[in-house]
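Chain order of the listed sequences is V and G. Going by the working numbering, the letters in the first sequence line up with residues 1 to 420, in that order. Going by the working numbering, the letters in the second sequence line up with residues 1 to 311, in that order.
Calculated from the structure, these hints are not laboratory results. A few of these clues could be false.
[Unchecked claim] A few chain V residues that face chain G, going by a derived Cβ cut-off under 7 Å, partial list only:
id: 1; residue: Gly240
id: 2; residue: Met252
id: 3; residue: Pro379
id: 4; residue: Asn380
id: 5; residue: Gln391
[Stated by the list, open to error] What follows is a list of derived Cβ distance ranges for each label pair:
id: 6; chain 1: V; residue 1: Val44; chain 2: G; residue 2: Pro46; range: 39 to 45 Å
id: 7; chain 1: G; residue 1: Val122; chain 2: V; residue 2: Leu38; range: 30 to 36 Å
id: 8; chain 1: V; residue 1: Glu59; chain 2: G; residue 2: Pro22; range: 23 to 29 Å
The beta carbon of each residue, even a glycine, is placed where N, CA and C say it ideally should be.
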Amino acid sequence: MKKVLLFAVVMLLALSVSGVGAQDQVTLVIESWRNDDLTAWEDVLIPAFEAAYPNINVEFAPTAPTEYNAALNTKLEGGTAGDLITCRPFDTSLALFQAGNLASLNDLPGMENFGDVAKSAWITDDGSDVFCVPMASVIHGFLYNADIFAELGLSEPTTESEFYAVLDAIKADGNYAPLVMGTNDQWESATMGLQNIGPNYWMGEEGRLGLIAGTAKYNEGGFLAAFEALAKWQAYLPDGYQAQTYPDSQNMFSLGLGAIYPAGSWDISVFRSQADFELGAFPPPVPDGQETCYISDNTDIAMGMNAASAHSEEARLFLEWMTTPEFAQLYSNAIPGFFSLSNAAITLDDPLAQEFVDWRGTCESTIRSAYQILSRGEPNNETELWSYSAQLLNGAVTAQEAADAVQTGLASWYEPQMGG
Amino acid sequence: MNEMPAGSRGKFPIHIIVFLAPAVIIYTLFMIWPLLDSLRLSLYAPSPDGGVTFVGFQNYATLFNDPNYSERFWGALRNNVVFFIIHMAVQNPVGLLLASFLASRVTRFRTVFRTLIFTPTVLSVVLVGFIWRLILSPLWGISEGILAVIGIENQPWLGLPETALPTLSLVSVWQYVGIPMMLFLAALIAIPDEIIEAAQVDGATGWNVFWQIKLPLILPTVGIVGVLTFVGNFNAFDLIYTTQTALAGPNFATDLLATLFYRTFFGFQLQLGNPTMGATVAGVMFAIILAGVLVYLFGWQRRLLRNEVQL
C-alpha cells in the first residue's frame with residue numbers, strides 16, 4: 001500500500017513538473033490525412049516555422065486518408081483532436097465549422113493573400129465566415145512512362161481518338177498494361193477516372209453548376225458521355241484490376257509495368273522518388289473537334305484551427321505563417337503536385353509539376369462535381385460516384401445504368417433535381 | 001449442495017460478496033453498463049440543435065425498411081450467414097479431422113503438426129490479411145503458379161463479387177482452424193482407453209468407434225465449438241477491414257454486420273458517422289448473437305446435461 005502511495009505521489013510530482021515546463025514550450029499537433037507528406041513537414045516546413053518561433057513545437061500527426069474524416073470527428077467529439085486541423089474542401093469542413101469545431105478565421109492577418117476562388121471551398125454559404133487557410137489544389141491528368149512511349153514510337157495524345165489509338169498500340173504490343181488503375185479501392189475509378197476526363201464532356205464549371213442548379217443531370221448529355229467514355233477504359237486495364245489497390249497501381253507504374261497512369265498531381269512526388277524512368281504528362285484528351293479543354297483543378301486542402309484548442313494563440317501564429325509567400329514557396333516545392341492557392345508568385349523546381357500547373361493557362365479549370373453542396377444528403381453523391389464508377393469498370397453495370405443510378409440517388413434528396 | 005441447518009440462518013457469508021465483487025464490479029463497469037447504454041443510444045436520433053432526441057424504435061424501422069439502410073443491412077446479414085455457414089461446413093469438420101489424426105497414436109510428429117496448425121491463430125489478423133492479399137494479388141501473387149499446378153485458372157479472387165466472400169471466409173478458416181482442432185483434440189484425448197478397447201474387443205471398426213463412441217462423447221465440445229464460431233463470425237470485422245477496407249468491396253460483396261456497423265457509427269471517407277444508427281446496428285448484432293447463444297444453451301447444452309443424468 002505504501003509503495004502505491006509513493007508511486008502516486010511521484011506521478012503527481014512528475015505531472016506538475018511537466019506542467020510547469022509546458023508554459024515555456026508549447027506543442028501544437030496537426031491533424032491530417034496526408035501521411036505521404038510526413039517527411040516534407042518534418043524535414044522542411046516545421047523546422048522553418050520553429051526557427052522563427054523557437055518556443056513552439058509542431059507535431060504532424062496524420063491518419064490514413066480513408067479514415068481521416070471519421071477519426072477526426074471522433075477525436076473532436078472526445079476532445080482529443082489536435083490544435084490544427086487539415087480541412088477537406090466544402091461540405092465536410094463546413095459541417096465541422098457549423099458544429100463549432102473549427103474557429104472562424106475572418107480576422108486572421110494574411111488572409112488577404114488568397115483570392116475568392118481559393119477561399120470558396122472553406123467559407124459559409126453566405127460568405128460571412130471563412131474557417132480554413134487555403135493551402136493547395138490538385139490537378140488531374142495522365143502521367144506516362146516516356147521510355148515506353150519512345151520504345152513504341154508513341155506521342156502524347158491530345159484528342160480522344162488519339163488517346164484510344166495510343167492505348168490500342170500499347171495493348172497490341174502486349175508487354176505493358178496500357179492504363180494502370182484498379183477498381184478495388186473504388187475512389188480511383190471516380191477521382192482519377194470520371195472526374196479526370198469528365199470535365200471535357202460536361203464543359204467544366206458549366207456542367208457542375210448546372211447540376212447544383214438542377215438544369216443538368218448525371219444521366220443526360222455531358223455527364224452521361226463521361227460515363228460512356230470511362231466505360232471504354234475497361235479494355236485497357238491490367239489483368240485482375242478488380243482486385244488491384246491504389247498502392248498496387250503506384251507500384252506497378254513505378255516498376256515500369258504499365259505505360260499510362262491516370263493521375264492526380266499529388267502522385268508526382270511518389271513517382272519522383274520511386275520511378276527510375278523518364279516521366280511525362282498530358283492533360284485529359286478532348287473529344288474530337290472540341291476546341292476548349294477542361295481540367296479538374298480541385299481546391300483540395302486547407303488548414304483550420306480546433307476551436308477547443310488549448311493553445312489557440314500559438315495555433316493562430318502558425319496559421320498566420322501559413323498565409324505568407326514564404327510558406328507558399330516552401331510548400332509547393334516540398335510537396336510537388338500540390339499547387340499553392342496563394343496569390344504570391346512562386347517558382348516550381350519540378351518541371352513535371354510546372355507542366356501540370358501550366359495547364360491552368362491553356363485549359364478551363366473546374367472542381368470535382370460532387371464536392372460542393374451535392375454531398376450534403378443521403379445517399380452521399382460522392383460515395384455513389386465511387387461505387388458506380390467502380391462497378392462500371394468492373395462491367396457490373398452499363399454507363400446508362402450507372403448514370404441513372406447516380407441521378408436517382410441525387411434526386412432522392414436534392415430539391416433542385418427533384419421532379420425533373 | 002450446501003446443507004444449511006434448518007431454522008438457523010447462520011452468519012451471512014460475507015466472503016462470497018468479497019470474492020464476487022471484483023468480477024461483478026469490473027464486468028458491470030466495462031461490459032454490462034456500456035452494453036445497456038449502447039442499447040439506450042439506439043433509441044435516440046440526432047436533433048437539429050446538435051443533441052439527441054428520443055425516437056423509440058424508429059431507428060430499427062429505418063434500418064429494416066428505409067432503402068438507404070435496409071439494402072446494406074440485409075446484404076450484410078446475408079453475407080454474415082454465408083460467412084458462418086462456410087466456417088461451420090469447413091472449419092469445424094476440418095478441425096475435427098485434424099484432431100482425429102493428431103489423437104491417433106500412429107501419426108508421427110504430432111507435436112510439430114499441432115504447433116504448425118495452431119500458429120496462424122496467434123498471428124495478428126492484420127498480418128494474415130496482408131499476407132493473403134499478397135498471395136492472391138493478381139499482379140505479383142504466387143497463387144497463380146500454385147493454382148496452375150492443380151489446373152485452376154487464376155482470378156482476381158478478392159476483386160470479384162462472386163468470389164471475394166468465399167475467399168475471405170476460407171482465409172479466416174485457415175487462420176482459425178487451430179482453435180476447434182485444439183478443443184476437439186483435448187476432448188478426444190480425454191476419452192478413456194478402456195471404452196475404446198472394449199468396443200474393439202466387441203469387433204468395432206475404426207469407423208464404428210468414431211461415429212458411435214468418440215463423436216457422442218465429444219458432443220459437448222461440438223456444441224461449444226459451434227457457439228464460439230457463431231459468436232466469432234457475427235462479430236467478425238478485422239479480416240474484412242484489413243483486406244477490403246471498411247467499404248467491404250467489391251460493391252459490398254464482403255460487407256459483414258460489423259463492417260456495416262463501423263461505417264455507420266464512425267463514418268467513412270465523405271460519409272459522416274451517425275452514432276445512433278450505429279448503435280442500432282450494434283443492437284441488432286447483439287440480438288442475433290444473444291438468440292444464437294440462447295438456442296445453444298437451451299437447445300443443446302440442457303439436452304446434453306439431461307442425457308448425462310440418465311447415464
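Going down the list of hints, with the structure as the test:
{"no.": "1", "hint": "Gly240", "verdict": "2 Å, holds"}
{"no.": "2", "hint": "Met252", "verdict": "6 Å, holds"}
{"no.": "3", "hint": "Pro379", "verdict": "6 Å, holds"}
{"no.": "4", "hint": "Asn380", "verdict": "5 Å, holds"}
{"no.": "5", "hint": "Gln391", "verdict": "6 Å, holds"}
{"no.": "6", "hint": "V:Val44 to G:Pro46: 39 to 45 Å", "verdict": "42 Å, holds"}
{"no.": "7", "hint": "G:Val122 to V:Leu38: 30 to 36 Å", "verdict": "32 Å, holds"}
{"no.": "8", "hint": "V:Glu59 to G:Pro22: 23 to 29 Å", "verdict": "39 Å, violated"}
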